[in-house]
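Student: As a plain string of letters, each chain reads:
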Amino acid sequence: MVSGRRCALGLALAVAASAAGCRSNVAEQALTLSEESLALRQLQTRRFDTKDELLLLDACSGVLQDLGFTLDESDTSVGLLAASKSASAVETEQVVMTFVAAGFMVPLSYDARQIFRATVVTHPVGKSGTSTAVRVTFQRSVWDSNGKMRTEHLEQPTVYETFFDLLAKSVFLEAHQEISP
Amino acid sequence: MSRAPALAVATLLAAASALGACRSSRDELFATEKSQVEMRQIQSRAFETTDRIAVVRAVIATLQDLGFVIEKADGTLGAVTAMKYQGLDTVLVTVTARPRGTTQMIVRASAQYNLEQVADPAPYQRFFAALGKALFLEAQEVD
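Going down the list, the sequences are from chains A and B.
To get my numbering, take the position in the first sequence, counting from 1, and add 246.
To get my numbering, take the position in the second sequence, counting from 1, and add 141.
Treat the hints as calculated values from the structure; they're not laboratory data.
Some clues are possibly wrong.
Below, a list of computed lysine-lysine pairs in the DSS-like style, where the Cα atoms sit at most 27 Å apart [stated by the list, open to error]:
(1) Lys297/A with Lys175/B
(2) Lys394/A with Lys297/A
(3) Lys415/A with Lys331/A
(4) Lys331/A with Lys175/B
(5) Lys394/A with Lys331/A
(6) Lys297/A with Lys373/A
(7) Lys394/A with Lys274/B
(8) Lys373/A with Lys274/B
(9) Lys213/B with Lys297/A
(10) Lys274/B with Lys213/B
Could you build the full structure based on these sequences and the hints that come with them?
Tutor: So this is what it looks like as structure tokens:
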């Protein structure tokens, strides 16, 4: 049917056009500051009463090594440290569910392995640069039993509290958190 | 034996190799969506500062605020590479800071969305607005 074919073509073009618009929107969204970014920054940052950035970076690398991370990238001139840690992501209940579901011909998958990434950035703060801020962000990439990958930002406060606790103990300094007014 | 199938196959092979000579996926090396000059304008801004390290630090802080993972940074070279995962998509950004003259720093951001260059000015405008805030400086268009 000629009209049917034309209709399908029009639909295909419309989908392609909206997909193209969608693509530039994703890039724009990715580079726009969100309202949560300030709250997240406060969650992920602590201030230490020292000018010694290198001391803090050293201590961060020590804490990360203690936690089983390996260092991937560092640049002390801008206070950057990037590290990662591979681990199993297997949770027993997921595995059980998958096998039970398979018995009913329902395809499920379970998480198999993961890589944690930690990024540490230090920078001087305060008018006379007497303090240093340390910001750490954690993400994880998880691969399921089908090989599909997803990435999550870790945003639970306990993750960051634990890290800064270990860091503060390691440098014998107190970790101050900025509370928003 | 009929010659027609052999002829058809030969024609197809000739056509395929001719098309292959026209365009190979290797040509993507030098392919850009817009002209190089246009891309440079969309992707660059000038800031009134000579402190390259301060600019790189501000770039890193801005990218972290935007939810990016910093992959690499080089303060001496003035370069930062970062990646952001959004569902099944990835946005990859490289930002460089180079001094111009005695008073300015040119910051250039190149973004890639999955397998494509981002050629739309809007995402870059957003990024430079955020970077300007972090630097307390105004982002000026580069001529």
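Student: Does each hint fit the structure? Answer for all of them.
Tutor: Hint-by-hint comparison with the structure:
| no. | hint | result |
| --- | --- | --- |
| 1 | Lys297/A with Lys175/B | violated, 46 Å |
| 2 | Lys394/A with Lys297/A | violated, 44 Å |
| 3 | Lys415/A with Lys331/A | holds, 22 Å |
| 4 | Lys331/A with Lys175/B | violated, 40 Å |
| 5 | Lys394/A with Lys331/A | holds, 19 Å |
| 6 | Lys297/A with Lys373/A | holds, 12 Å |
| 7 | Lys394/A with Lys274/B | violated, 38 Å |
| 8 | Lys373/A with Lys274/B | holds, 18 Å |
| 9 | Lys213/B with Lys297/A | holds, 24 Å |
| 10 | Lys274/B with Lys213/B | holds, 23 Å |
Of the numbered hints stated above, those contradicted by the structure are hints 1, 2, 4 and 7, listed in ascending order.
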